[in-house]
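*Asks:* Sequence:
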Amino acid sequence: MADLLGVSQAEVSKMERRSELYVGTLRKFIEAMNGELVLAARFDDGVEVPIRLTEAEDAA
2 MADLLGVSQA EVSKMERRSE LYVGTLRKFI EAMNGELVLA ARFDDGVEVP
52 IRLTEAEDAA
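The sequence shown maps to residues 2 to 61 in the numbering used here.
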């Protein structure tokens, strides 16, 4: 994983131990495994609304 992300193994371990991650960091983990991060809000009535984030919002 560290090689795929271009960081040290110690940095990966540190990220994995955090209780909260930035969306951008989570996206990088998933993309490194050839996946795609998909976010949505699901409400009690069953309605699901996709959440689209820009790169600027990822870093916030």
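Keep in mind the hints are simulated off the structure, nothing from the lab.
If you're wondering where the values come from, they're calculated on a predicted model, not measured in any experiment.
Honestly, I wouldn't trust all of these hints.
Pair by pair, the computed Cβ-Cβ distance ranges are [to be verified]: (1) Val8 x Val48: 34 to 42 angstroms; (2) Ser9 x Leu54: 22 to 30 angstroms; (3) Phe44 x Gly7: 21 to 29 angstroms; (4) Leu22 x Arg43: 14 to 22 angstroms; (5) Val8 x Gly47: 17 to 25 angstroms; (6) Glu12 x Val48: 36 to 44 angstroms; (7) Ser14 x Val50: 18 to 26 angstroms.
Mimicking SDA-like on lysine to any residue, the simulated pairs with C-alpha atoms at most 25 angstroms apart in a straight line are [stated by the list, open to error]: (8) Lys29 x Asp46; (9) Lys15 x Asp45; (10) Lys29 x Asp45.
Built from N, CA and C at the ideal position, the CB exists for glycine as well.
*Asks:* I'd like to know which numbered hints this structure contradicts. Please list them from smallest to largest.
*Replies:* Hints 3, 5, 7, 8, 9 and 10 contradicted; others consistent.
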